[in-house]
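> Just so you know, the protein sequences line up as chains V and Y, in that order.
Read in order, the letters of the first sequence correspond to residues 73 to 184 in my numbering.
Read in order, the letters of the second sequence correspond to residues 58 to 174 in my numbering.
Quick caveat, the hints were computed from the structure, so don't treat them as lab data.
No residue lacks a Cβ here, since even glycine has one placed at the ideal position from N, Cα and C.
Check before you lean on any hint, since a few could be wrong.
As the list claims (entries may be wrong) - Calculated from the model, a selection of chain Y residues having no Cβ within reach of chain V, i.e. all distances over 12 Å:
| hint | residue |
| --- | --- |
| 1 | 70 |
| 2 | 76 |
| 3 | 119 |
| 4 | 141 |
| 5 | 151 |
Unchecked claim - Stretch by stretch, here's where chain V covers chain Y in the computed footprint (C-beta under 8 Å, at least three residues):
| hint | stretch |
| --- | --- |
| 6 | 131-140 |
| 7 | 163-174 |
Here are the chains, one letter per residue:
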Amino acid sequence: EAQVTQNPRYLITVTGKKLTVTCSQNMNHEYMSWYRQDPGLGLRQIYYSMNVEVTDKGDVPEGYKVSRKEKRNFPLILESPSPNQTSLYFCASARRLATEAFFGQGTRLTVV
Amino acid sequence: AQSVTQLDSQVPVFEEAPVELRCNYSSSVSVYLFWYVQYPNQGLQLLLKYLSGSTLVESINGFEAEFNKSQTSFHLRKPSVHISDTAEYFCAVSDLDSGAGSYQLTFGKGTKLSVIP
Chain V
73 EAQVTQNPRY LITVTGKKLT VTCSQNMNHE YMSWYRQDPG LGLRQIYYSM NVEVTDKGDV
133 PEGYKVSRKE KRNFPLILES PSPNQTSLYF CASARRLATE AFFGQGTRLT VV
Chain Y
58 AQSVTQLDSQ VPVFEEAPVE LRCNYSSSVS VYLFWYVQYP NQGLQLLLKY LSGSTLVESI
118 NGFEAEFNKS QTSFHLRKPS VHISDTAEYF CAVSDLDSGA GSYQLTFGKG TKLSVIP
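With the rest of the complex left out, here is chain V (with noise of 0.2 Å):
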């Protein structure tokens, strides 16, 4: 079955403690990308790549950090997570040229 799957699904952290949300997908697709969605904002991307070892920043890309090693791999990476952070987190995968972007199922994020 085609999937992009996240996880954790749930995560409850403190402030300032490392954390990396994984993202994998299964269709050889070459783009990736985070968004974080929060009320009455819709999604904001922030980060994208579009193949192995290129990255790159979308609209809120402060606080994030990401990397492509592998073409089906993609995780969030957060340093020094603050509780401005808490958030619901989406990865997407698409093939490169403008196809439809698949979703995984969201990774709900509290930073207490």
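Position chain Y against the provided structure of chain V, taking the given hints into account.
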């Protein structure tokens, strides 16, 4: 930079009534347009898309959207809604910046459709 405006944050409608969810975009290049649906506690699913060709596109569950280039709009419509259509709907636009080789998918802020029995 592209942007997407969904004019209504919430739309209540009675069951079996028609509905239109509005979406306008701004982009200086050719665009691809999408509508996604998010049911409670789930991720986003593609509802329909416009890439090229016929400006009227349809989904399998009765929704349709029409691409209007002159008005830069991509409104979503359904002639008769069901309770199961209650969800949040997101309009999205992408373009291929061929010069820079970049690719971004930009979302509107979403419209919550509530179908009233």
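> Check each numbered hint against the structure and report the violated ones by number, ascending.
Per hint list: 5, 6 violated.
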